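Colleague: The chain contents come next:
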Amino acid sequence: MTGTTKNQQQSSGKSRSIPVVGIVFAVVALLAVIAVVFAGNTEVGSEYGEPQVSGQLTPAPPNTIADTEATGETAPTVIGQDFDGNEVRIENDGKAKAIVFLAHWCPHCQNEVPAVQEWLDSGGGVEGVDMYSVATAMNPTGDNFPSSEWLDREGWTVPVIVDDADDSVYRAHGSGGFPFWVFVHSDGTVAVRTQGSTPVADLQQIMQALQ
Amino acid sequence: MDFHSMRLFFALLALAANAGTIGIVVIGFAGRTGPSGHALRERVFGAFRGVELWLGFAVATTATLGSLYLSEIVHLIPCTYCWYQRIAMYPLVVILGIAALRKDPGIRVYATALAVIGAAIAFYHRIVQIFPEINGSACSSSVPCTAAYFTLFGFITIPYMALSGFLLILALLYVDRSNSDA
Chain A
1 MTGTTKNQQQ
11 SSGKSRSIPV
21 VGIVFAVVAL
31 LAVIAVVFAG
41 NTEVGSEYGE
51 PQVSGQLTPA
61 PPNTIADTEA
71 TGETAPTVIG
81 QDFDGNEVRI
91 ENDGKAKAIV
101 FLAHWCPHCQ
111 NEVPAVQEWL
121 DSGGGVEGVD
131 MYSVATAMNP
141 TGDNFPSSEW
151 LDREGWTVPV
161 IVDDADDSVY
171 RAHGSGGFPF
181 WVFVHSDGTV
191 AVRTQGSTPV
201 ADLQQIMQAL
211 Q
Chain R
1 MDFHSMRLFF
11 ALLALAANAG
21 TIGIVVIGFA
31 GRTGPSGHAL
41 RERVFGAFRG
51 VELWLGFAVA
61 TTATLGSLYL
71 SEIVHLIPCT
81 YCWYQRIAMY
91 PLVVILGIAA
101 LRKDPGIRVY
111 ATALAVIGAA
121 IAFYHRIVQI
131 FPEINGSACS
141 SSVPCTAAYF
151 TLFGFITIPY
161 MALSGFLLIL
171 ALLYVDRSNS
181 DA
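Same order as they appear, the protein sequences are chains A and R. Counting along the first sequence from 1, when you hit position 210 you're at 210 in my numbering, and nothing is skipped either side. Counting along the second sequence from 1, when you hit position 7 you're at 7 in my numbering, and nothing is skipped either side.
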């Protein structure tokens, strides 16, 4: 209690030349005004697609880099559109497939896309394996939105299907960690799924092993 | 205020908190450099006398309400590290509030411990956002700690704001100690 008395005496004894509390309130009020004035109209439209999906894979197990839970299951059929509204179909057309699910806000996807594109640009890709991508988990207030500008900027040449607000395409494939790859044999059955950054060398190896 | 105004407001508050923290540290050091520096410190820190803990309480309350706004109103789901930071920040509202009411200097050691832990987690979280490889190679489909919900001015994310709050609270506790030593 003596400390209290001392404090009170000192505060009343000295003239408080700097009105700290007043300054704090003034600064906070000023910042609030600045925030309202300068935030501007940053409303961003959404860019969801309207894909039609049929089929459902086993949910991907958490914290697994490569998983084989869905091995042998029949891959879902997806009829969707790219960002320009052109139809893109992922269906059992007798060809092996590599499908990557990309989230614009995910730093691992942001790293994966240029790595894969560089591989494709330098003559990469695997003969007989079609590649698809799905822009999903879109968040209009998130980082690096919208997906369309991001993939344009990266010169992404893999066909894109735009997922809907419920992430239907992503969910149908089991909602794995991003970037999420689903590899499909030419008979339409799932070979393997990988979650998280997958080096190009691994992609190539998995794609070459598709039947 | 809509979400864009609010998050800009929070980012500006974080910058103001940084300025306050740096100012307090600089003046604290100046206090050791001789008579004039000492006089400056006495004058500036003296102006805080009696309100240090109240200001710390105000910072903790702002951070708490801000985090609740982001999760309960804007529905940004907190990731694991966000929760750890909340665990350090929320009690500060209560203990600094009670200590300010009771003018209890004994709170400093408890509040400092909580704020240091919170600052360390917030700092690590911010580093993970910059170098996501540290924390594994995948973004979980639910709530990844590696991905920032938003970034303002190129560097201010939610954990950065939390870190700013924890550091300002530590700075205010330092002012409180300095004033009670005097």
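These are calculated hints, taken from the structure and not from any lab test. Remember, it's a predicted structure, so these values are computed and weren't measured experimentally. Wrong hints could be hidden among the right ones.
[Stated by the list, open to error] Pair by pair, the computed Cβ-Cβ distance ranges are:
(1) R:33 - A:18: 15 to 25 Å
(2) R:103 - A:45: 49 to 59 Å
(3) R:74 - A:73: 32 to 42 Å
(4) A:77 - R:94: 22 to 32 Å
[Unchecked claim] One-sided excerpt, in silico: chain A residues whose CB lies under 7 Å from chain R:
(5) 22
(6) 79
(7) 177
Backbone N, C-alpha and C fix where the C-beta goes; we use that ideal spot for every residue, glycine too.
Colleague: Would you mind marking each hint as holding or not holding in the structure?
Modeller: Each hint tested on the structure:
1. Taken as a hint, the range 15 to 25 Å holds for the pair residue 33 (chain R) and residue 18 (chain A), whose Cβ atoms sit roughly 20 Å apart.
2. The beta-carbon spacing between residue 103 (chain R) and residue 45 (chain A), approximately 54 Å, falls within the hinted interval of 49 to 59 Å.
3. Evaluation of the 32 to 42 Å hint for residue 74 (chain R) and residue 73 (chain A) yields a pass: the beta carbon distance comes to about 37 Å.
4. For residue 77 (chain A) and residue 94 (chain R), the hinted distance range of 22 to 32 Å is not satisfied, since their beta carbons lie about 55 Å from each other.
5. The beta carbon of residue 22 (chain A) is not positioned within 7 Å of any beta carbon in chain R (closest approach about 10 Å), and the interface hint is therefore violated.
6. Annotation: interface hint on residue 79 (chain A) violated; nearest CB of chain R at approximately 23 Å, more than 7 Å.
7. Because the smallest distance between the Cβ of residue 177 (chain A) and any Cβ of chain R comes to about 3 Å, under 7 Å, the interface hint for this residue holds.
In summary, the numbered hints that this structure violates are 4, 5, 6.
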